[in-house]
Amino acid sequence: MSIRTYQAFVVCLLCLASETFCAELTSGIDAKGFDRSVRPQDDLFLHVNGEWILHTPIPDDKSNYGSFLVLQDEALLKQREIIEQAAAEKHPAGSDKQKVGDFYRSFMDEEHIEQLGVQPLREMLAEIDDLADLRSVITYLGRGQTLGVGGPIGFYVDQDDKDSTRYLAAIIQSGTTLPDRDYYLEEDEKYAAARQALQDYIGRLFQLAGLDAAADVPANIVALEKKLAAAQWPRTELRNADKRYNKFVVDDLAREFSKVDWKAFFAAAEVAELNEVNVNTPSFFVELQSILQETPVDLWKWYLKFNLLDSYAPALSKDFVDAHFELHRKQLAGVPQQQPRWKRAVEATAGSGAGSFGVLGDSVGRLYVAEHFPPQAKDQMETLVDNLLRAYEVSIQDLTWMTPETKQKAMEKLKKIRTKIGYTTKWRDYSKLEIKPDDLLGNLLRSGQVEYHRMIDKLGKPVDREEWGMTPQTVNAYYNPSLNEIVFPAAILQPPFFDPNVENAVNYGGIGAVIGHEISHGFDDQGSKYDGDGNLENWWTEADSAAFKKLTQQLVNQFSSYEALPDKRVNGELTLGENIADLSGMSIAYKAYILSLN
Numbered sequence: 001m002s003i004r005t006y007q008a009f010v011v012c013l014l015c016l017a018s019e020t021f022c023a024e025l026t027s028g029i030d031a032k033g034f035d036r037s038v039r040p041q042d043d044l045f046l047h048v049n050g051e052w053i054l055h056t057p058i059p060d061d062k063s064n065y066g067s068f069l070v071l072q073d074e075a076l077l078k079q080r081e082i083i084e085q086a087a088a089e090k091h092p093a094g095s096d097k098q099k100v101g102d103f104y105r106s107f108m109d110e111e112h113i114e115q116l117g118v119q120p121l122r123e124m125l126a127e128i129d130d131l132a133d134l135r136s137v138i139t140y141l142g143r144g145q146t147l148g149v150g151g152p153i154g155f156y157v158d159q160d161d162k163d164s165t166r167y168l169a170a171i172i173q174s175g176t177t178l179p180d181r182d183y184y185l186e187e188d189e190k191y192a193a194a195r196q197a198l199q200d201y202i203g204r205l206f207q208l209a210g211l212d213a214a215a216d217v218p219a220n221i222v223a224l225e226k227k228l229a230a231a232q233w234p235r236t237e238l239r240n241a242d243k244r245y246n247k248f249v250v251d252d253l254a255r256e257f258s259k260v261d262w263k264a265f266f267a268a269a270e271v272a273e274l275n276e277v278n279v280n281t282p283s284f285f286v287e288l289q290s291i292l293q294e295t296p297v298d299l300w301k302w303y304l305k306f307n308l309l310d311s312y313a314p315a316l317s318k319d320f321v322d323a324h325f326e327l328h329r330k331q332l333a334g335v336p337q338q339q340p341r342w343k344r345a346v347e348a349t350a351g352s353g354a355g356s357f358g359v360l361g362d363s364v365g366r367l368y369v370a371e372h373f374p375p376q377a378k379d380q381m382e383t384l385v386d387n388l389l390r391a392y393e394v395s396i397q398d399l400t401w402m403t404p405e406t407k408q409k410a411m412e413k414l415k416k417i418r419t420k421i422g423y424t425t426k427w428r429d430y431s432k433l434e435i436k437p438d439d440l441l442g443n444l445l446r447s448g449q450v451e452y453h454r455m456i457d458k459l460g461k462p463v464d465r466e467e468w469g470m471t472p473q474t475v476n477a478y479y480n481p482s483l484n485e486i487v488f489p490a491a492i493l494q495p496p497f498f499d500p501n502v503e504n505a506v507n508y509g510g511i512g513a514v515i516g517h518e519i520s521h522g523f524d525d526q527g528s529k530y531d532g533d534g535n536l537e538n539w540w541t542e543a544d545s546a547a548f549k550k551l552t553q554q555l556v557n558q559f560s561s562y563e564a565l566p567d568k569r570v571n572g573e574l575t576l577g578e579n580i581a582d583l584s585g586m587s588i589a590y591k592a593y594i595l596s597l598n
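Reminder that position 46 of the sequence shown reads as 46 in my numbering, one-by-one numbering, no gaps.
Source of the hints: derived by calculation from the structure; they are not laboratory data. C-beta: ideal position from N, C-alpha, C; glycine also. Misleading hints may appear alongside valid ones.
Once the Cα atoms are required to be at most 30 Å apart in a straight line, the calculated DSSO-like pairs of lysine-lysine come out as [stated by the list, open to error]:
#1 K568 x K330
#2 K416 x K162
#3 K426 x K415
#4 K247 x K97
#5 K458 x K426
#6 K190 x K458
#7 K409 x K550
#8 K97 x K436
#9 K162 x K247
#10 K318 x K343
#11 K407 x K436
#12 K330 x K378
#13 K407 x K568
#14 K243 x K162
#15 K436 x K247
#16 K436 x K378
Pair by pair, the computed Cβ-Cβ distance ranges are [unchecked claim]:
#17 R239 x A333: 18 to 28 Å
#18 W342 x H91: 33 to 43 Å
#19 Q196 x R239: 38 to 48 Å
#20 D60 x A31: 22 to 32 Å
#21 R36 x K162: 32 to 42 Å
#22 E110 x D188: 38 to 48 Å
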């Protein structure tokens, strides 16, 4: 019996068994966007999406548009309603709704913000002016961690890659404004224009702040960032978790990179008792020592003042906001027009996407879930995930190039994958955060410090396996290799990805492909280096590892042959993880659907 006939037979049986249930189901496929003038065998993408693309303009406040962003816009409107209701009502002091409403009001009070101008940053700018020598600069780099001010040393706390039960502090290369080191090191027209735009932006911020910088200061800051970029690892190298794991006792760190006063840095970063740290990019810190010493203290001060202004420009008066938009969104991201202020206010309150919690993301998330996430969606998702995992199990068993020994390890990891659906069971506590309706910049600073202390307070404590890396109102999903978990926030569980009232085939092709994508990240070129407990540990035989690399190299070569833009080819090494997950995810989703019919 053919698959198609078998499927039709099963559907008929289901209808006989439950006529009402089948009558309520709809196709779920929206054919209005199809371009039937294009044959699917010639161009499947245009066949399915041609009419939608023709009649759906990209909004002026975006550089691209598709299903994820359509849903994100819808989620933003729902969040706006929740937040503006909180802002319009009186709530008990210290309550989540009081904080949500007052923060939103502080962002929307343009008249007050215009009156203040750069005044909220004057004290912090004066603090930078008082830096007298290199030691004080390094001390400020540590203090900058608590203030949300960028610099060449990135500091964070995350799981220990080789002991997933504990947290480990880490330092990593940082300090550049443009999106990638190539923007500083490549000489083509696009990158040269970006560097000039950065230089102009630096000068504009100083002018708006009333700072009397010499004419060559903006160019000197760009030149300093170019030195930092030259020392940085390329993104392809940053994908290698083994190379990024370099754990040091702090005393040894001081000996290895002796020209950096680590004691002063960590004390100012409020982790003076730190015992060990992972150095993600050791060669960068070797080079940073020379850059620190060769750069005049006065230039470091201008660099830090620029970083402070750049970090908080979106919260200052309109001239600062416009200057920030012109560089970061228009020049670098191709966005023609600034978002309406209410959108920026909602995103600042509730988060703007993957990894962003905003100031009160979980407070808004709790309200969002109560209004917009039906409990039955979670049950149906659990069934879909179970079937995807079952299909993945079959696929592993069917691999002809993998030995039984490695298959067994892969199966062990697959069985240990944890699934989180909808929303967290442990909401973030904002009780220590003070929010005022007339102090936007102060609200942001206090929020940053609360979140920073939430992070450093993890040190010495067991890993919290219930923590989420996204809010429920985020339209996205993720795989976390250190927790070996797949996570699906509530906002992605809606059409066109998921609809409880349509045929299963549609849900397997939509959210099923997303589920398969995230599971596949556990076995891609990065995730495959972690075991089922989330530890960076090799569980492959030497022969299987070589076979896997040979197969993935074919995928690297294939994608590297694609010309995304004239004279710009895809970097197949950089996109490898996503390419594996996309292709595997769709394949596994189809297999899971077939299995679900049996």
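We went through each hint and held it up to the structure:
1. K568 x K330: Since the Cα atoms of K568 and K330 sit roughly 21 Å apart, the hinted pair holds (cutoff 30 Å).
2. K416 x K162: At roughly 17 Å apart (the allowed maximum being 30 Å), K162 and K416 satisfy the hint.
3. K426 x K415: Within the cut-off at roughly 24 Å; holds.
4. K247 x K97: The given pair, whose Cα atoms are some 43 Å apart, is violated under the 30 Å limit.
5. K458 x K426: Measuring from Cα to Cα gives roughly 15 Å; hence the hint holds.
6. K190 x K458: 42 Å, violated
7. K409 x K550: Distance ~20 Å between K409 and K550 Cα, so the pair holds.
8. K97 x K436: Given pair K97, K436 holds - Cα atoms ~13 Å apart, limit 30 Å.
9. K162 x K247: The given pair, whose Cα atoms are some 10 Å apart, holds under the 30 Å limit.
10. K318 x K343: 15 Å, holds
11. K407 x K436: With a Cα-Cα distance of about 56 Å, the restraint between K407 and K436 is violated, given a limit of 30 Å.
12. K330 x K378: 39 Å, violated
13. K407 x K568: Distance ~38 Å between K407 and K568 Cα, so the pair is violated.
14. K243 x K162: 13 Å, holds
15. K436 x K247: Roughly 41 Å between the alpha carbons, so the hint for K436 and K247 is violated.
16. K436 x K378: 37 Å, violated
17. R239 x A333: 18 to 28 Å: 23 Å, holds
18. W342 x H91: 33 to 43 Å: With Cβ atoms ~20 Å apart, the hint is violated.
19. Q196 x R239: 38 to 48 Å: 30 Å, violated
20. D60 x A31: 22 to 32 Å: 29 Å, holds
21. R36 x K162: 32 to 42 Å: This hint is violated: roughly 55 Å between Cβ atoms.
22. E110 x D188: 38 to 48 Å: Holds, since E110 and D188 (Cβ atoms, about 39 Å apart) stay within the stated range.
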